[in-house]
Amino acid sequence: MTADIARILGERASYLLEHTCDGIGRDLLTLPGPDFVTDVVAETDRSPQVMRNLQSLFDHGRLGGSGYVSILPVDQGIEHSGAASFAPNPVYFDPASIVQLAIEGGCNAVATTFGVLGAVSRRYAHRIPFIVKLNHNELLTYPTSYDQIMFGSVERAHELGAAGVGATVYFGSASSGRQITEVAAAFEEAHRLGMFTVLWCYLRNSAFDLSGEAGGVDYHVAADATGQANHIGVTIEADIIKQKLPENNGAFVAVPGFGKTHPGVYERLTSAHPVDLCRWQVANCYLGRVGLINSGGASSGAADVTEAVTTAVINKRAGGIGLISGRKAFQRPMTEGIELLGAIQDVYLDPAVTIA
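Here the sequence shown is numbered in my numbering, starting from 37 and rising by one per residue.
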């Protein structure tokens, strides 16, 4: 299987598969594994009901029993509009098609909206773990306003059979304080009702994007800033953190007046290597005591499989617990989407792809 992964990675295979993280060594991490809930979550304040639902996530699908997860997220109909998301493949306007892709694609869970899961709850809630996305960014305001608002209640998510709930916080935005407060309260309620929690830890502030300047970059995907977003996320007791794969570093140095940091982050603990940058994200998730899943990103066509496998390799070798990939899977025919999800899962099933 490793030969197939190396073939997909191409000329970057040895660079990604042979790297060793020297800054934060693997010996410091709590690593994914089949007994993660028993060995790690059991030490926390989570109830037996939360542990049972979290175990159902880890036990389901093609990665069941491995300690890793492959999740299908389809909240883009709200986050990016139905037209932008489903015009390439209109069958996914049908909620049943979304859940069916997750099942046939061997996913551990499907994460989507109240409407999608409510529409097919009695048909599918017992067949695959549901994760209800509680809040969304609504795109019909003009001019466009970026703010995550609640679309339903935690109690309703529980009633329709959800094993877990998810939410987004736009860290760094003008409304981040309210969002943190709302999501923290929602996660507390979800835990009380026995559901696990997943937090989309995204940065959003126009000041972070310096790509328009000469030699500038977009620091929305900087390891140091996204790592701190993760650290806030685990503080409000997210059980799983979803984060974009880091592409650069040094937001706290480059953006005037933004945050606080330490020179050791850049001199000793990280490097420019993508596995090291992702390792910093894992470190901020209590050194792996809370699982990190990275986003599969937008669909770019022919390069999707290579991009998805690359992200999976980086996440796994950094110490993360899986990938959450949506548009790359559902913006193509279902058979091809299933194959792409399988390619991601192959990375986590391959023992030769080790923790760096």
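None of these hints come from the bench; they were simulated from the model.
Do not rely on the hints blindly, as some may be mistaken.
Now the in silico label distances, taken between C-beta atoms and shown as ranges [as the list claims (entries may be wrong)]: (1) Gly293 x Pro84: 43 to 49 Å; (2) Leu67 x Glu191: 31 to 37 Å; (3) Gly378 x Ala120: 23 to 29 Å; (4) Pro84 x Phe129: 34 to 40 Å; (5) Gly46 x Leu246: 42 to 48 Å; (6) Thr74 x Glu283: 20 to 26 Å; (7) Ile139 x Thr390: 17 to 23 Å; (8) Pro124 x Gly100: 41 to 47 Å; (9) Arg325 x Thr56: 31 to 37 Å; (10) Thr390 x Thr80: 23 to 29 Å.
Small disclaimer: the values here were computed from a predicted structure and weren't measured.
Backbone N, C-alpha and C define an ideal beta-carbon position, used for all residues, glycine too.
Verification of the supplied hints:
1. For Gly293 paired with Pro84, a C-beta distance near 46 Å keeps the hint of 43 to 49 Å intact.
2. A beta carbon spacing of about 35 Å between Leu67 and Glu191 agrees with the range 31 to 37 Å that was offered as a hint.
3. Distance hint check for Gly378 and Ala120: the Cβ-Cβ separation is about 26 Å, which falls inside the suggested range of 23 to 29 Å.
4. Distance hint check for Pro84 and Phe129: the Cβ-Cβ separation is about 38 Å, which falls inside the suggested range of 34 to 40 Å.
5. Between Gly46 and Leu246 the CB atoms are about 30 Å apart, so this pair departs from the stated range of 42 to 48 Å.
6. Separation of Thr74 from Glu283 is about 35 Å and departs from the stated range, judged on CB atoms against 20 to 26 Å.
7. The hinted window of 17 to 23 Å between Ile139 and Thr390 is violated, with their beta carbons roughly 30 Å apart.
8. At roughly 30 Å, the beta carbons of Pro124 and Gly100 sit outside the given window of 41 to 47 Å.
9. A hinted range of 31 to 37 Å for the beta carbons of Arg325 and Thr56 is inconsistent with their spacing of about 22 Å.
10. For the hinted restraint 23 to 29 Å between Thr390 and Thr80, the CB-CB distance of approximately 27 Å keeps it satisfied.
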